[in-house]
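**Q** Whole structure, please, built from the sequences with the hints as guidance.
Under numbering that gives the first Met the number 0, the sequence shown has 34 at position 35, and the numbering climbs by one with no breaks.
None of these hints come from the bench; they were simulated from the model. Just so it is clear, CB atoms sit at the ideal spot from N, CA and C, and this is done for glycine as well. Keep in mind that a hint or two might mislead.
[What the hints assert, rightly or not] Using 16 Å as the maximum straight-line C-alpha spacing, the simulated EDC-like pairs for lysine to aspartate or glutamate come out as follows:
(1) 51 with 12
(2) 53 with 65
(3) 64 with 52
(4) 71 with 14
(5) 51 with 65
[What the hints assert, rightly or not] Restraint ranges, calculated between C-beta atoms of paired labels, are given here:
(6) 63 with 98: 21 to 29 Å
(7) 10 with 30: 26 to 34 Å
(8) 112 with 77: 54 to 62 Å
(9) 94 with 29: 31 to 39 Å
(10) 113 with 18: 56 to 64 Å
(11) 12 with 58: 19 to 27 Å
(12) 65 with 95: 16 to 24 Å
(13) 102 with 42: 25 to 33 Å
(14) 77 with 107: 50 to 58 Å
(15) 17 with 48: 27 to 35 Å
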Amino acid sequence: MKISNSVELHEDEYELTAIRSQGAGGQNVNKVSSAIHLRFDINASSLPEFYKEKLLALRDKRITKEGVIVIKAQVHRTQEKNRDDAIARLQELLKSVTVVQKVRRPTKPTRSSQRKRVDNKKQRGNIKAMRGKVGF
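**A** Here you go:
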């Protein structure tokens, strides 16, 4: 599985297990194991240290305290499609680590925008004040 130009994962680095899917199923519900349980140990993988640190720092419910990514795929009816879905989700998670967030620089509103805002509020207040009863 290719993550980036320089990083690749081999099939023996993640473990796929077929399990019974949850929910309604009909006649085959107790016979067919169509859901896939994917387990990927971050610390034991061949990923570069940069990836490992970023993955372990993520606050994701799919990553356990021991540093194991657990993905359960049970959307599709067939085991093959669920296997492909689980691998694609793992790949997506690993790729998301490489995306660097833009640094947010705090900005202030301009003087004219502040003035316009206050003028609008005053105008709105005057309109509402004019709705009151007329006094003598």
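**Q** Hints first: check each against the structure and report whether it holds.
**A** Structure-based check of all given hints:
no. : hint                    : verdict
1   : 51 with 12              : holds, 14 Å
2   : 53 with 65              : holds, 15 Å
3   : 64 with 52              : holds, 14 Å
4   : 71 with 14              : holds, 12 Å
5   : 51 with 65              : holds, 12 Å
6   : 63 with 98: 21 to 29 Å  : holds, 23 Å
7   : 10 with 30: 26 to 34 Å  : holds, 27 Å
8   : 112 with 77: 54 to 62 Å : holds, 57 Å
9   : 94 with 29: 31 to 39 Å  : holds, 37 Å
10  : 113 with 18: 56 to 64 Å : holds, 59 Å
11  : 12 with 58: 19 to 27 Å  : holds, 23 Å
12  : 65 with 95: 16 to 24 Å  : holds, 21 Å
13  : 102 with 42: 25 to 33 Å : holds, 30 Å
14  : 77 with 107: 50 to 58 Å : holds, 56 Å
15  : 17 with 48: 27 to 35 Å  : holds, 33 Å
In summary, this structure violates none of the numbered hints.
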